[in-house]
Every structure is written in C-alpha cells, then in structure tokens.
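There are 2 protein chains.
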Amino acid sequence: MDITNILIKEKTEQAVKILRETGLDCWITFTRESEICGDPSLVFLAPGQVTWHSAFIIAASGQKRAIVGLYDKKAIEDTGAYEAVEGYVTGIKEPLQKFLQQLQPRKIGLNYSRTSEICDGLTYGMYLTLFDILKEIGLETRLESAEKIVSALRERKSPVEIQAIKRAIATTEEIFERVRLFISPGKSEKEIAQFMLDELKKKGLQTAWGQSTCPAVFTGPDTAQAHYSPTDRRAEPGHILNMDFGVRVDGYCSDMQRTFYLLSQGESQAPPEVRHGFETIVRAIEEARAAMRPGIQGVKIDEVARRIITAAGYDQFPHALGHQVGRFAHDGTALLGPAWEKYADKPFRTLEPGMVFTLEPRLTVPERGVVTIEEMVVVTDSGAEYLSRPQKELWLIG
Amino acid sequence: MDITNILIKEKTEQAVKILRETGLDCWITFTRESEICGDPSLVFLAPGQVTWHSAFIIAASGQKRAIVGLYDKKAIEDTGAYEAVEGYVTGIKEPLQKFLQQLQPRKIGLNYSRTSEICDGLTYGMYLTLFDILKEIGLETRLESAEKIVSALRERKSPVEIQAIKRAIATTEEIFERVRLFISPGKSEKEIAQFMLDELKKKGLQTAWGQSTCPAVFTGPDTAQAHYSPTDRRAEPGHILNMDFGVRVDGYCSDMQRTFYLLSQGESQAPPEVRHGFETIVRAIEEARAAMRPGIQGVKIDEVARRIITAAGYDQFPHALGHQVGRFAHDGTALLGPAWEKYADKPFRTLEPGMVFTLEPRLTVPERGVVTIEEMVVVTDSGAEYLSRPQKELWLIG
Chain A
741 MDITNILIKE
751 KTEQAVKILR
761 ETGLDCWITF
771 TRESEICGDP
781 SLVFLAPGQV
791 TWHSAFIIAA
801 SGQKRAIVGL
811 YDKKAIEDTG
821 AYEAVEGYVT
831 GIKEPLQKFL
841 QQLQPRKIGL
851 NYSRTSEICD
861 GLTYGMYLTL
871 FDILKEIGLE
881 TRLESAEKIV
891 SALRERKSPV
901 EIQAIKRAIA
911 TTEEIFERVR
921 LFISPGKSEK
931 EIAQFMLDEL
941 KKKGLQTAWG
951 QSTCPAVFTG
961 PDTAQAHYSP
971 TDRRAEPGHI
981 LNMDFGVRVD
991 GYCSDMQRTF
1001 YLLSQGESQA
1011 PPEVRHGFET
1021 IVRAIEEARA
1031 AMRPGIQGVK
1041 IDEVARRIIT
1051 AAGYDQFPHA
1061 LGHQVGRFAH
1071 DGTALLGPAW
1081 EKYADKPFRT
1091 LEPGMVFTLE
1101 PRLTVPERGV
1111 VTIEEMVVVT
1121 DSGAEYLSRP
1131 QKELWLIG
Chain B
741 MDITNILIKE
751 KTEQAVKILR
761 ETGLDCWITF
771 TRESEICGDP
781 SLVFLAPGQV
791 TWHSAFIIAA
801 SGQKRAIVGL
811 YDKKAIEDTG
821 AYEAVEGYVT
831 GIKEPLQKFL
841 QQLQPRKIGL
851 NYSRTSEICD
861 GLTYGMYLTL
871 FDILKEIGLE
881 TRLESAEKIV
891 SALRERKSPV
901 EIQAIKRAIA
911 TTEEIFERVR
921 LFISPGKSEK
931 EIAQFMLDEL
941 KKKGLQTAWG
951 QSTCPAVFTG
961 PDTAQAHYSP
971 TDRRAEPGHI
981 LNMDFGVRVD
991 GYCSDMQRTF
1001 YLLSQGESQA
1011 PPEVRHGFET
1021 IVRAIEEARA
1031 AMRPGIQGVK
1041 IDEVARRIIT
1051 AAGYDQFPHA
1061 LGHQVGRFAH
1071 DGTALLGPAW
1081 EKYADKPFRT
1091 LEPGMVFTLE
1101 PRLTVPERGV
1111 VTIEEMVVVT
1121 DSGAEYLSRP
1131 QKELWLIG
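Note that the protein sequences, when read in sequence, are chains A and B.
Using the numbering used here, count along the first sequence one by one with no gaps and you end on 1138.
Using the numbering used here, count along the second sequence one by one with no gaps and you end on 1138.
Warning: the hint list may mix true and false statements.
Where chains are identical, the list cannot tell them apart; a pair therefore holds if satisfied intra-copy or between any two copies.
Below 30 Å or equal to it, Euclidean Cα-Cα: the simulated DSS-like pairs (lysine-lysine) are [claimed, not checked]:
no.	residue 1	residue 2
1	Lys838	Lys1082
2	Lys814	Lys930
3	Lys943	Lys930
4	Lys930	Lys888
5	Lys749	Lys1082
6	Lys749	Lys927
7	Lys941	Lys847
8	Lys888	Lys847
9	Lys875	Lys847
10	Lys906	Lys941
11	Lys942	Lys927
12	Lys875	Lys838
13	Lys1132	Lys942
14	Lys906	Lys833
15	Lys833	Lys1082
What the hints contain is simulated information worked out from the structure, not anything from laboratory work.
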C-alpha cells in the first residue's frame, strides 16, 4: 500500500477520535472541482482530485462515507478508508440527503473559519448549496465550524507524517550544503536559485511552494525583503546573502532559511555588526525553542524572540516568529505570532505535542543586508526539539 | 515584459469593460494564503501567490487598487496593472474600509456562485470576514455574485490566450504522435503513461492536471472508465486503448483524448463493431462542432452529439459533451452538457466568441473497450473552429 492511502486511513481514523473530543456528531467536507479551488482537507480524505460535488462524511460513531461523482468513485474506494463510497451520475442531493437522514446528526461541522485559512476550504457558493440541501431535510440549523477538527487533524502529526517532514528537511539541508560551494561574488540571485532548482530536479522532487519564490534569494541591502523572485542582482563582497527554500517529499514540506556572508578582500571573518546581527538571530531562535512546551500560547513564544531582537537595538520583524508546517509550508492554525489583526486569534492558541513549527526571526544590518535563519522544531510532551540541524555559524563565502 | 504581466494588464482592463456591461460598480477578489485555498481569479490579478488577507478591487470607473500584505506588494506593483498597491503590516481592515468609503460602490461583486466553481473562489470564512468589515461602514447590503464578470473574463479569450492554448495543443499532439510509435502489445498502462510524462519532462513542461491521472490510459474492457490512474494492465491485441492527456504552456491548458486499436493476428483493420463505434464518435464530434455558434445554449450542442450516440445503439455517456478550457483543463461556466442537477444552469448559458470548448463523447464497444476522442474548438463570430487537428482515423497498432 502506498503512503497516500496509509495516511488517508490513519487520518480518517484520527478524525473520528478528534470528533469525539469536540462534541460534533459529524464532519462534512463538501467540495467540487478540487483542481480549481479545492478544500485543503481533501488530501486527508482522497488520494487525488475530485470533479463533481463531493461529500466526505465522518461521524463520531465511527461511520465513514464518501458520496462522489461516479468517475471519482474507484480511486477513493481503493483507499480502504470508507465503509462505503457512493458514486452518482446526475446529482449529489438525493444520496446526500438520504445518508444524513439516516445519520441524524445534531451538530454538523463544516470547513469554514474566519481565523484559519487551513480550516476554510468551503467556498461560499458551496455553503449556499449545502445549506439548501440540508434545509429540505430540516438539518440546516445544525451547522458549525469544524475548525477544531481540521486544526487538530493537521497539527497532531503522526510518526508517518514526521518522518516525511524529516525527509524533506534532509533534502533541503543537502541542497544548502551544495549551494554553499556554488555561491561566489558575481553570481546573480537568479543563477543561485537556478542551481538549487536543478539540484532538486535531479532528485525528481518539487518545491514546497511556487517556484517563482522557492528558493527566494536576497543579496545585499535594498532588496524586496521577502516573497519576491530572485533578480539579476549579483552577490558582492561585504554583503549578506540569505535564502528561503523548502521542498515537498511524499506530500510534506520543509521551510527553511539560511544566511551567508561574502568576505571582502582581507577579511577572514564578517565585520562586527554582521556578527552581532547573526548572533542575535541565533540566540532569539534558541531561546524561543527553549520556551516552547505544550499548553503555552504562541504569542508568548513570539514575544521571547521579538524582545531579544528589539533589546539588541533592531527593529522588530513585521511578521510572526513562526508558523506550522505540514502539507503546505504554511499549515495549521496555532501560530507563534504577535497579537496583530491579520493573525486574528491564532497567536492565542496553545501548543500541542506533534505540532511542527518554523522559527524565523529577521533583522536588517544597514548597508549589509538581512540576517534571517529559519529552523524547524516539533513540540514534544515536555518541550520542543529541532527537526533541522540549526545554523549556528554564519556561512562565509570567499 | 513577460507574458504573466502582459496578461494581467490585459485581463484587468477587460474586467473594467465587462463590469460596465453588468451594472456592478466594483468587483472585489478577497483572498489569503492562496497556496492553500486560493481564488482561481487570482491568476488574472497577481503574478504569484499572496500570503495575508488581500483585496483586488476593480471599479467600473476604471480604478484598480490592490491592498495586500507588505511582503506581497512589490511583485504586484511590478505588473503595472494597478494605479496603487497598498502594503499593510498589521491588518487589512483599515485600508480596505478607507478605500471603499471613498469609492462608495452601490453594487459590489464578490467571487461566489452556486453554479460555477470557477466563479466561487471566496471561502465562507472570508465572506464572513468581509461582511463584518463592510458592515462597519454600512456597505454590507450591497453584495452580489460577480459570476458574470468572472465567467466572461475567463471565457472571452484574447488572442494572447488563444495562442498559448494552441501551443499547449501542439505539444499534446506531438506527444500523441510519439506514443503512437511506442505502444505495442504487452506494454502496460503505467509504462505508456510514463513514456508520455518523460517526453513532457524533456520539454520542461507540466501536465494540465494532476500527474496521477494525466495522462490517463485505459486499455481493453472493464477499466475504471475515467479519472483513474494508469494500472499494470497490459495492451492486448483485439483491444481498444484510449488516453486522456493535457499540458500547460504559459499558464494555459490543453485537454485531449485519442483512441487506438491493437490489431489481432491476421487483422489489417479493426473489426466492424470497433469501426462503427469510432465512426459514430467522429460523426458526433463533427456534427456538434457544426451546430456551435454564438447565442446557442450548450445543452443544444450536447443534445446533437448525445442523440447520434444513442441513435447508433449505444448507451449515452454519463458526463457532459464538452467543457471550457483555459487556465485549467476544466474552466469557465457555460457547458455543453445535459440538464442534470450536477450541472445546475451551466448548460443553459449561451456560447460567445472566444470560448474554447472540448468535445468528448464516449461509448463502449463490448469486449473491446471504450472509444473516446476529445477535440478542442473555439467559438468564432459565426460558428466554431477546431483548434486541435481532429482524429478522423482510428490509430492502429501492430
């Protein structure tokens, strides 16, 4: 059995257990044409895309049912995760109503959330369609957000999931080691990024997010800072170079950053202001990791790192300290972030064992560039452990 | 300027014109973490993904404004499509309210639709968020579906878009020609699919949909019919083999099917029942194409082909005759389909010049396999033209 179907069985069984914690009677993922605008929960429920209106229903009773277009039936049946997969030809309404009338759930969880994009896969048009279908059988008042289920399902990583993430990290670190030998003064951001993509291609793997910014490579001062494609700007002695890169292995991602310094003539180490910046970042990451443990809010961890950066005389970074990683580079709901509007209540969620986070503070060294390291850690029963091999030394070039 | 930014300028300008036809004052695309659950309209508005809550506002007055997270700002500014791109740090509410208070739209179009998945990119959680933001400034009663804008924007293809689709078709046809020489009795569906993917890889291109079913290859009777991964089943003399394949070039897709027959010993042509099936499919496609013209409903075209198939003694195919193609293999709202629940009112939309459709009837020849051809056509001012080189002869192997 391939890893896709192993994971689907594992995660649908985990969903039943989580449902029982939440007090919901069933969880419905309702989606269509998933290639176009799919629900991010679908990867835990089906081995590929679905075409027509599709409902994946998991009940606290342990029942698991999929109702999908006829042509999508067989691949879903093959997962072995459902006791029945119904394939319809003309429309989903009748089989869906029939099944729910038998089930008679008092509380139905749906994939919508103001806070958490990963739990917000139900489109508004699909919500309206489902509402109408349920209204005809008197169940339309029983709808709630399934955010707790979807968050926990993504966040509580199984050993199979952690192993996949470790493989993604190992590949990323290997490519960092290779590009370290490739970088030299005069090489452009584009050339450096292309080298890394070529290395990845040799392995037959994909990037963790869109190739236009994966890797992202920034050299020197006055770059676009982040989320921008590599440019023709060339690495120069005396400048800091940083990169953000992640790969996907068996559906799971890494997301990491590393910082380099290009020595000027006569230098054998980076100048004091660059070293000071680098050491501040290393310290912020290590102290944040040391503060992590189940039950603590993400905002507290963000605070630890943010305070170290500002106390050392730098501006605070304009983003969260760290996000979860999983099927996507940005995954999960709980966030190591400040209490800013755009993060809603994510920073106030508490950490749980099995959550995988990045730690990625950032600061600017004037005239030199941006220092930023991104490590990956997993929350354990009593603290947090590095999944990546942390960068403790500035990587010197030249 | 690369093709991505040319298209964004072209499509945002087209959106202003379409807005004026619809009577809406502005169109808002409101999305976040587009890597996870993005709005399919985003490709027409931004050159890559967005991370935080992002609003793309196009007004009938001609104003075009984007309000996005700070790190996403520069790449969107570079498109040259917006007169202003605002980058925020803590939250979108304030800049979005401020802009809309100035604009004072009476009717605001949002991306939701019961009928059309391609127009349904707004998630329910994001709808609730936007509703709350608008309520504070008294605009929450002015929301409507932007389905007409989004449909027309996707469906009325510009010459630049048609050219990209033609390049995708040409590549697909080239790979069909190659695999025609590769197929022989004893080759498995998986081997045949891998050959095609290797050919595509040499060109550095991607498939039009997920690789697990692109290409889909089916040989002989008793296959999973469609939407299923290639298996270890081997091509055998006396069987029909069909395949479904599409590629993506410069963001635009092809989607095509071809049918082969493996000659048995002593045969110099396919047996009469296979030829009859093949000729019926060819005729259904050609007569459907000949009936296409602006103003006619899709359901009428589906009827032409469906009637030919059933009149020839075959079961009707359990899907639409044809869908639109564009950024996705399944794109657009108007459909050449029957009046079935799952298609909602898509089959009743009328054809317009610039729409690109597949024509893909299907029938089963007992004991032999499935005959299915999928051609691509574009609606012109007075009819419809093939974009693909139609398969008129059964491709014989052996």
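Here's how the hints hold up against the structure:
1. Lys838 - Lys1082: Only across copies: Lys838 and Lys1082 sit 17 Å apart there, 41 Å inside one copy, limit 30 Å.
2. Lys814 - Lys930: So Lys814 and Lys930 pass the 30 Å test across copies only (17 Å; inside, 44 Å).
3. Lys943 - Lys930: both (20 Å within a copy, 21 Å between copies)
4. Lys930 - Lys888: neither (41 Å within a copy, 40 Å between copies)
5. Lys749 - Lys1082: So Lys749 and Lys1082 pass the 30 Å test across copies only (28 Å; inside, 35 Å).
6. Lys749 - Lys927: neither (47 Å within a copy, 32 Å between copies)
7. Lys941 - Lys847: Classified as neither; 47 Å inside a copy, 48 Å across copies.
8. Lys888 - Lys847: Within one copy only: 13 Å inside, 35 Å across.
9. Lys875 - Lys847: Both: 14 Å inside a copy, 28 Å across copies.
10. Lys906 - Lys941: So Lys906 and Lys941 pass the 30 Å test inside a copy (19 Å) and across (27 Å) alike.
11. Lys942 - Lys927: Close inside one copy (21 Å) and across copies (27 Å); limit 30 Å.
12. Lys875 - Lys838: within (13 Å within a copy, 38 Å between copies)
13. Lys1132 - Lys942: within (29 Å within a copy, 40 Å between copies)
14. Lys906 - Lys833: For Lys906 and Lys833, the Cα distance exceeds 30 Å both inside one copy (43 Å) and across copies (38 Å).
15. Lys833 - Lys1082: Between copies only: 9 Å across chains, 37 Å inside a chain, cut-off 30 Å.
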